[in-house]
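**Q** Going line by line, the protein sequences match chains L and D.
Reminder that position 169 of the first sequence reads as 169 in our numbering, one-by-one numbering, no gaps.
Reminder that position 28 of the second sequence reads as 28 in our numbering, one-by-one numbering, no gaps.
Where hints are given, some of them may not hold.
[What the hints assert, rightly or not] Here are the simulated lysine to aspartate or glutamate pairs, EDC-like style, with alpha carbons at most 16 Å apart: (1) Lys-182/L x Asp-155/L; (2) Lys-186/D x Glu-106/L; (3) Lys-186/D x Glu-73/L.
[What the hints assert, rightly or not] Sample of chain L residues facing chain D (criterion: CB under 8 Å; computed from the structure): (4) Met-62; (5) Asn-65; (6) Tyr-69; (7) Glu-73; (8) Pro-74; (9) Val-85; (10) Leu-91; (11) Asp-93; (12) Ala-94; (13) Ala-102; (14) Gly-104; (15) Phe-368; (16) Arg-467; (17) Asp-481.
It is worth saying that the hints were derived from the structure and are not from the lab.
Computed from a predicted model, the values in this text were never measured in an experiment.
Where is the CB? At the ideal position from N, CA and C, for every residue including glycine.
Spelled out, the chains give:
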Amino acid sequence: MTVPLLSLQGLTKAYPGVVANNNVSFDIGTGQVHALLGENGAGKSTLVKMIYGLVKPDSGVMLLNGSPYAPSEPRAARADGIAMVFQHFSLFDALNVAENIALGMETPPAMRDLAKRIREVSETYGLPLDPFRTVGDLSAGERQRVEIIRCLLQDPKLLIMDEPTSVLTPQEVDILFETLRKLKSEGTAILYISHKLEEIRALCDHATVLRLGENVGECVPADTSARDMAELMVGTTLQTPERSGRDLGDVALDISGLSVASPGEFGTALKNLHITVRQGEVLGIGGVAGNGQDELLAVLSGEIQTAADAVRLNGQPVGNLGPTARRRLGLLTAPEERLGHAAAPDMSLTENAMLTGSVRESLERHGFLKWREAQGFAERIIHDFDVRTPGPDNAARSLSGGNLQKFVIGREVLQRPEVLVVNQPTWGVDASAAAAIRQAILDLAANGAAVVCISQDLDELMEISDRFAALNEGRLSTPRDTRDLTIDEIGLMMGGAHGMEVAHV
Amino acid sequence: MDLSSINPVLLIASLMVAATPILLAAIGELVVEKAGVLNLGVEGMMITGAICGFAIAVETGSPWLGFGGAAIGGAALSLLFVLLTQVALANQVASGLALTLFGLGLSALLGQRYVGIKPPPTPRLDIPLLGDLPVVGPILFGHDLILYLGIALIAAVWAALKYSRAGLILRAVGESHDAAHALGYKVVRIRILAILFGGACAGLGGAYISLVRVPQWTEGMTAGVGWIALALVVFASWKPWRVLLGAYLFGGITVLQLNLQAAGVAIPVEYLAMSPYLITILVLVILSKDKSRAPASLGKIFHASH
Chain L
1 MTVPLLSLQG
11 LTKAYPGVVA
21 NNNVSFDIGT
31 GQVHALLGEN
41 GAGKSTLVKM
51 IYGLVKPDSG
61 VMLLNGSPYA
71 PSEPRAARAD
81 GIAMVFQHFS
91 LFDALNVAEN
101 IALGMETPPA
111 MRDLAKRIRE
121 VSETYGLPLD
131 PFRTVGDLSA
141 GERQRVEIIR
151 CLLQDPKLLI
161 MDEPTSVLTP
171 QEVDILFETL
181 RKLKSEGTAI
191 LYISHKLEEI
201 RALCDHATVL
211 RLGENVGECV
221 PADTSARDMA
231 ELMVGTTLQT
241 PERSGRDLGD
251 VALDISGLSV
261 ASPGEFGTAL
271 KNLHITVRQG
281 EVLGIGGVAG
291 NGQDELLAVL
301 SGEIQTAADA
311 VRLNGQPVGN
321 LGPTARRRLG
331 LLTAPEERLG
341 HAAAPDMSLT
351 ENAMLTGSVR
361 ESLERHGFLK
371 WREAQGFAER
381 IIHDFDVRTP
391 GPDNAARSLS
401 GGNLQKFVIG
411 REVLQRPEVL
421 VVNQPTWGVD
431 ASAAAAIRQA
441 ILDLAANGAA
451 VVCISQDLDE
461 LMEISDRFAA
471 LNEGRLSTPR
481 DTRDLTIDEI
491 GLMMGGAHGM
501 EVAHV
Chain D
1 MDLSSINPVL
11 LIASLMVAAT
21 PILLAAIGEL
31 VVEKAGVLNL
41 GVEGMMITGA
51 ICGFAIAVET
61 GSPWLGFGGA
71 AIGGAALSLL
81 FVLLTQVALA
91 NQVASGLALT
101 LFGLGLSALL
111 GQRYVGIKPP
121 PTPRLDIPLL
131 GDLPVVGPIL
141 FGHDLILYLG
151 IALIAAVWAA
161 LKYSRAGLIL
171 RAVGESHDAA
181 HALGYKVVRI
191 RILAILFGGA
201 CAGLGGAYIS
211 LVRVPQWTEG
221 MTAGVGWIAL
231 ALVVFASWKP
241 WRVLLGAYLF
251 GGITVLQLNL
261 QAAGVAIPVE
271 YLAMSPYLIT
281 ILVLVILSKD
291 KSRAPASLGK
301 IFHASH
């Protein structure tokens, strides 16, 4: 047998209180696309950080082409031909593309030569990019191209990709896959981290599954069903959320002809939006991040106020009301950003429960707060939504992302909303918790609430929504029934490949 | 009122002298802020530099050793800020304010023996032919070396930030310390160097007041120049040439209003005295209406959590 490109043997890394990786071993061969699967908190990130030199293992060894490999810092890893595309892009908004790429190289050439090489590589791999544009103005897909090109310019032997497709349209995903297959044919190995199982089945040669920091199995994705892989990841049988047939009531939320400028510098303006959602209905809104999702949520929550008639709740104009007044009327929202938007990071769960629940749960009287009732409310959220925390006195920041997400969604669901708007309800949440959150949303709709679910997870939207619409550059497509939609049609609704058609691969 | 008593050539020459302390302190702070650190201790580092420079110049008889000592003194005080904000991860605003108060007290203590003494004069550049030219001579060629050093620093910082790799890395650290860390750059080390550079520049600026502009030592003699320098960096949109423009504008109007006071213009002294602040801020606010913005990580504490 030939020597694998990278061999991990018994890697262990413990943090105070948790073992992130316990005795993990596997091999990556030259030119192999190797998937690393696992739920959040399974230890995928820690593992790749060890390979990339950001974290040192407590024990275990790595072999690169048969010789010991122990990078002390990312620079050393890059020098050995290992490159990484980060999940949360490590880009500098105020700098241009060429400057960003120069920062990721050891000995960058002069700017003019670098710009030329960026153009060459971007054309070879079908990733069009202008070296002198400011990164803050780029779309998520274009930003990812910056990261990929930064890696490709160093001729990597192993390319690590951490959740690369979570921000792309289906067409952009196809083109990314073409690029990756071309790299593979040139002998570059790829370590591909994702929890999107269908993508892994389409792309990867081999998969390693991590659960709670341990390697629990390997498989050939093409020969394994997505369900089997999911159950290997979770360790138990998965429950698919059930959607019961239900009758739609009156129009609960009505937006007609709404246009709003974005409050932020790099935001997207909303253009001529029409939305109607009826009682008992779930409207799914898809689209690539940064196409107006945050602004839409702000318009619905009351953070951006409009003309009174532009937003109607049960026929009543609410466009000029603030968030608290809208909550009183039954319009509740749960924004995407958990820390800092949905929850105050340094306040306790009880205080956070108080922050949005005070009106509908009657947690204050004459300006005085009823702490005992607020704590009871927080405990109810923790119990009903299986939030893993020692108790309601813990700070929101101390919860893991998935647990805090369960808390902020549960907090709104338990306030019996008439209209609930959620943005990325299961972002960063593991499969079983995501299923629970989706079930809660469906149950809410079954009880007659109208739900608007903004998400970038198309599988999620197809699973829970009755109608689907896509946001593209601040415009909303006409909603369509999800039952007769294909993924390709959805991709076109999301704005296609954002100019990637010109690429030749 | 006799406006003819104001000599425009002398006015321009003296405005350059008046602007240099602000200029030096502001260009140092600009580099610090570009690296993502907000050091509000400029005033404290300036006054510390002013007394260190003064004392060393008096003891050794050499103004150049004095300026060297001032730069070291300012940098040494900024080391305290480094310790607080980069090692102990304390709040930058509070640490900077504490640094200013500490510097004011420390300089008063150090300066007790130096009140009322004359420092050795700082020699002016004396170029035989050029210095004798009418108008141009006194304005361009009749100053001391530190004044030229200030202008050279502006040009050097501008070029370094725009064209050099070190400048790019510095801006990257100030823009997103997490991303810079992920790429393997030493965020804390780069910031420490920037803070020390800022301290040295502020120290030089302080010594320029006590050795050239005034020249003598009195307690609290920087009288808010450090705060002006801080404001200047913001209103100059973190651009070196605008710092030069703002400093000269401020220095110019300060000198002009003093001349006008002496000439007996019929405007109340209080209005004249506030005019440099008002006009400088007004002009820079108008200039800063373009898209430029603060470094994104400015004032945020970096904690390497990997």
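**Q** Tell me the numbers of any earlier hints that the structure contravenes, in ascending order.
**A** Violated hints: 4, 5, 6, 9, 15, 16 and 17; rest satisfied.
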